[in-house]
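Engineer: Assemble the whole structure, with the sequences as input and the hints as a guide.
Protein sequences appear in the order of chains A and B.
Counted from 1, the first sequence has number 297 at position 280 by our numbering; the numbering is strictly sequential.
Counted from 1, the second sequence has number 803 at position 122 by our numbering; the numbering is strictly sequential.
Rather than coming from a laboratory, the hints here were simulated on the basis of the structure.
Heads up, a few of these hints could be off.
[Claimed, not checked] If you only want the chain A side, here are some residues facing chain B, beta carbon under 7 Å, derived:
{"no.": "1", "residue": "E101"}
{"no.": "2", "residue": "A183"}
{"no.": "3", "residue": "A185"}
{"no.": "4", "residue": "G271"}
{"no.": "5", "residue": "I354"}
[Unchecked claim] Part of the chain A face toward chain B, derived, beta carbon under 10 Å:
{"no.": "6", "residue": "T89"}
{"no.": "7", "residue": "G90"}
{"no.": "8", "residue": "Y94"}
{"no.": "9", "residue": "C107"}
{"no.": "10", "residue": "R110"}
{"no.": "11", "residue": "E199"}
{"no.": "12", "residue": "S262"}
{"no.": "13", "residue": "V340"}
{"no.": "14", "residue": "F357"}
{"no.": "15", "residue": "E361"}
{"no.": "16", "residue": "K387"}
{"no.": "17", "residue": "A390"}
{"no.": "18", "residue": "P441"}
We put the beta carbon where it would ideally sit given N, CA and C, even for glycine.
In case you want the letters, here they are:
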Amino acid sequence: MAERRVLTEHLRTPNAYQLDTWQANGGYSSLPTLFARQPAEWVEEVKTSGLVGRGGAGFPTGTKWSFLAKGTGHPTYLVVNADESEPGTCHDRQLLTHLPHLMIEGIICACWAIEAHHAFIYIRGEYAYAAERLEAAIAEAHAAGLLGQTVDGHDFPLRITVHRGAGAYICGEETALLSSLEGDRGQPRMKPPFPAVAGLYGAPTIVNNAQTICSIPFIVRNGGEWFAGINLEPESKSPGPRIVSVSGHVERPGLYELENGTPFREIIYDICGGIPNGRDLKAVIPGGSSMPMLPKDVILECTTSFESIREHGSHAGSGAIIVMDDTTHIPTASWRIAKFYAHESCGKCTPCREGNPWSVKILERMLSGKGDARDLRMLDDICDSMERNSFCALGIAAAWALAGGLRHFRHEFAALIDNPGDVPGYPSPPTYTYIR
Amino acid sequence: MLSPAAREQILALCDRYPEGKRKSAVMDALFIAQGEQGYLSPETFREIAELLHLAPVHVAAVATFYTMYEKEPVGKHIIDICCNISCLLRGSSEIIAHLEQRLGITRGETTPDGLITVREAECIGACSQAPAGQVNYRFFEHLTIEKVDEILDQLQAGKALVSPEEVTHG
Numbered sequence: 018m019a020e021r022r023v024l025t026e027h028l029r030t031p032n033a034y035q036l037d038t039w040q041a042n043g044g045y046s047s048l049p050t051l052f053a054r055q056p057a058e059w060v061e062e063v064k065t066s067g068l069v070g071r072g073g074a075g076f077p078t079g080t081k082w083s084f085l086a087k088g089t090g091h092p093t094y095l096v097v098n099a100d101e102s103e104p105g106t107c108h109d110r111q112l113l114t115h116l117p118h119l120m121i122e123g124i125i126c127a128c129w130a131i132e133a134h135h136a137f138i139y140i141r142g143e144y145a146y147a148a149e150r151l152e153a154a155i156a157e158a159h160a161a162g163l164l165g166q167t168v169d170g171h172d173f174p175l176r177i178t179v180h181r182g183a184g185a186y187i188c189g190e191e192t193a194l195l196s197s198l199e200g201d202r203g204q205p206r207m208k209p210p211f212p213a214v215a216g217l218y219g220a221p222t223i224v225n226n227a228q229t230i231c232s233i234p235f236i237v238r239n240g241g242e243w244f245a246g247i248n249l250e251p252e253s254k255s256p257g258p259r260i261v262s263v264s265g266h267v268e269r270p271g272l273y274e275l276e277n278g279t280p281f282r283e284i285i286y287d288i289c290g291g292i293p294n295g296r297d298l299k300a301v302i303p304g305g306s307s308m309p310m311l312p313k314d315v316i317l318e319c320t321t322s323f324e325s326i327r328e329h330g331s332h333a334g335s336g337a338i339i340v341m342d343d344t345t346h347i348p349t350a351s352w353r354i355a356k357f358y359a360h361e362s363c364g365k366c367t368p369c370r371e372g373n374p375w376s377v378k379i380l381e382r383m384l385s386g387k388g389d390a391r392d393l394r395m396l397d398d399i400c401d402s403m404e405r406n407s408f409c410a411l412g413i414a415a416a417w418a419l420a421g422g423l424r425h426f427r428h429e430f431a432a433l434i435d436n437p438g439d440v441p442g443y444p445s446p447p448t449y450t451y452i453r
Numbered sequence: 682m683l684s685p686a687a688r689e690q691i692l693a694l695c696d697r698y699p700e701g702k703r704k705s706a707v708m709d710a711l712f713i714a715q716g717e718q719g720y721l722s723p724e725t726f727r728e729i730a731e732l733l734h735l736a737p738v739h740v741a742a743v744a745t746f747y748t749m750y751e752k753e754p755v756g757k758h759i760i761d762i763c764c765n766i767s768c769l770l771r772g773s774s775e776i777i778a779h780l781e782q783r784l785g786i787t788r789g790e791t792t793p794d795g796l797i798t799v800r801e802a803e804c805i806g807a808c809s810q811a812p813a814g815q816v817n818y819r820f821f822e823h824l825t826i827e828k829v830d831e832i833l834d835q836l837q838a839g840k841a842l843v844s845p846e847e848v849t850h851g
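Structural biologist: In structure tokens, the structure reads:
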């Protein structure tokens with residue numbers, strides 16, 4: 018089996034969110050090893066581990082750390098991106114709720130390596146209970162001398178601020194997140210400068226995904242080589258255990274921590290128990306709703322490595338695997354996803370602000386039997402324009418999501434125009450926004 | 682007017698951020714005000730602006746950007762049903778339709794007695810436990826018509842709801 022529980026080993030251990038239980042299960046055991054070596058050595062160790070960011074872009078973490086501007090006269094900040102909002106993705110919430118001390122341990126390790134003394138956890142507003150758990154864990158850590166003026170007896174002052182978002186998908190984009198953290202509307206900023214040069218409050222800042230940070234203590238405890246070895250495809254550059262959220266039409270949806278390179282066939286049919294009700298697999302979105310969906314015959318050739326999914330025309334993204342069976346009407350699914358991006362576009366740039374609502378409008382026209390022969394080409398044009406011209410990745414993601422459906426299931430979209438009365442009733446749409 | 686306790690809480694937020702960066706406290710300040718008043722009004726924007734040394738228009742600009750800030754009165758309890766892709770595939774349409782039918786309102790509306798608001802939510806991060814929703818921002822997962830009825834019965838009887846996320850593990 019390719020399941021490998023590292024980060025999730027104690028996810029179901031009762032009371033693991035409390036300090037004493039966490040410590041009794043090996044929690045904070047990375048700290049003596051951590052402080053025994055210099056910060057720069059840990060940046061190298063994380064490079065050796067091959068850890069790539071778990072948020073979606075997959076940038077090598079150690080390399081990102083090495084880009085930090087030095088001698089700027091500003092403090093250095095660590096910002097943890099826990100604004101998990103990519104549809105299909107739901108593992109960070111479990112980590113934060115049930116293992117908040119793992120997050121704190123990861124922050125201590127990362128802050129030592131990048132020489133930061135103030136870390137921020139940007140947690141999405143809807144995760145109100147997880148935020149409470151985090152605050153309580155931080156208070157426990159302070160009381161136990163694991164945070165504050167010294168960390169575990171070392172002369173290394175460190176504080177953590179939990180900052181709650183308030184419902185905006187765009188804040189998962191790192192520069193929009195920084196805008197939001199500074200108390201502004203969460204709109205993205207021009208890059209460069211990248212956050213490592215001028216980020217939070219204009220200071221050098223590392224923004225890392227929550228799961229990325231939670232991976233660090235295990236690299237400290239076991240070494241970079243160990244982490245790099247958790248890889249079924251030795252040539253793949255996305256090693257290590259990774260948590261995926263499986264949702265949709267499988268017998269056992271859930272969170273699974275997998276070795277890099279686990280075949281999708283194994284995930285869907287063995288680990289998740291196959292497709293319910295004797296149905297057949299139709300398509301899978303491999304990395305959160307932004308990533309192009311792949312039809313059955315393509316996805317079953319893929320593994321979870323970044324390289325494998327990319328070769329087959331999609332991306333590993335956030336690690337959210339959305340499985341659709343053969344009853345799924347792809348235009349309806351695409352419409353629902355498009356509606357999400359239309360709702361979440363921040364309004365900063367025209368291609369995304371206008372393109373998303375227009376694609377929803379056209380899809381609704383088609384789904385209600387009023388489609389036009391020009392509609393398919395218009396959707397292609399909108400995707401092309403959003404992908405080429407959007408200011409940040411949100412518009413690009415929206416374009417990829419829709420284009421994936423149009424590429425692989427074009428006949429289903431065309432059928433809505435050729436036989437306008439014949440719109441399948443499943444999944445039954447919640448509500449049309451533009452056409453009533 | 683915000684209570685003295687709320688004003689104090691808002692001022693205390695500033696300590697969470699580096700010196701001189703009190704603008705960062707605006708988001709939590711809005712949550713505190715909303716917790717006390719139910720929703721946010723231009724008067725509240727002015728009060729928060731004064732406390733944090735910001736322009737009232739800036740506070741309003743922030744409040745109108747994020748969906749969790751209520752700019753109009755809402756029900757005492759807010760039920761958000763996720764209708765995004767993973768929940769849609771697992772039957773969220775039937776769940777929200779049942780809520781609408783039983784309460785006699787359409788999504789986005791509040792019951793005439795002001796008790797319950799029902800809304801269609803975007804992905805809330807419970808995709809593997811779909812269909813899912815939140816009641817007052819606490820998670821309720823693997824929803825069924827029966828579970829929804831139970832939740833409504835509790836709320837209508839004025840009983841406290843305990844979310845499974847507070848008692849289960851993983």
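Engineer: All hints, please: hold or fail.
Structural biologist: Checked hints:
Below 7 Å, beta-carbon pairs count as interface contacts, and E101 of chain A has one with chain B at about 5 Å; its hint therefore holds. Look at A183 of chain A: its Cβ gets to within about 4 Å of chain B, closer than 7 Å, so that hint holds up. For A185 of chain A, the interface hint holds, since its Cβ comes within 7 Å of a Cβ in chain B; the closest pair sits about 5 Å apart. Interface restraint check: G271 of chain A against chain B, minimum CB-CB distance 5 Å, threshold 7 Å, status holds.
This hint holds: I354 of chain A has a C-beta 6 Å from the nearest C-beta of chain B, less than the 7 Å allowed. Proximity of T89 of chain A to chain B is violated relative to the hint, the smallest CB-CB distance being about 15 Å (cut-off 10 Å). Hint status for G90 of chain A: violated, given a least beta-carbon distance of 14 Å to chain B, over 10 Å. For Y94 of chain A, the interface hint holds, since its Cβ comes within 10 Å of a Cβ in chain B; the closest pair sits about 9 Å apart.
Interface hint status for C107 of chain A: upheld, as the beta-carbon distance to the closest one in chain B is roughly 5 Å, under 10 Å. Checking R110 of chain A against chain B: minimum C-beta separation of about 5 Å stays under 10 Å; hint holds. With a cut of 10 Å, the hint placing E199 of chain A at the interface with chain B holds, because the nearest CB-to-CB distance is about 6 Å. For S262 of chain A, the interface hint holds, since its Cβ comes within 10 Å of a Cβ in chain B; the closest pair sits about 5 Å apart.
Given hint, V340 of chain A at the interface with chain B, holds; its Cβ is 8 Å from that chain's nearest Cβ, closer than 10 Å. Against a cut-off of 10 Å between C-beta atoms, the interface hint on F357 of chain A holds, since the closest Cβ of chain B lies about 6 Å away. The restraint placing E361 of chain A at the interface with chain B holds, with a minimum CB-CB distance near 7 Å, inside the 10 Å limit. Given the 10 Å rule on beta carbons, the hint for K387 of chain A is violated: about 21 Å separates it from the nearest Cβ of chain B.
Violation of the interface hint for A390 of chain A is found here, the shortest Cβ-Cβ separation to chain B being roughly 28 Å, above the 10 Å cut-off. Taking 10 Å as the C-beta cut-off, the interface hint given for P441 of chain A is violated, the closest approach to chain B being about 14 Å.
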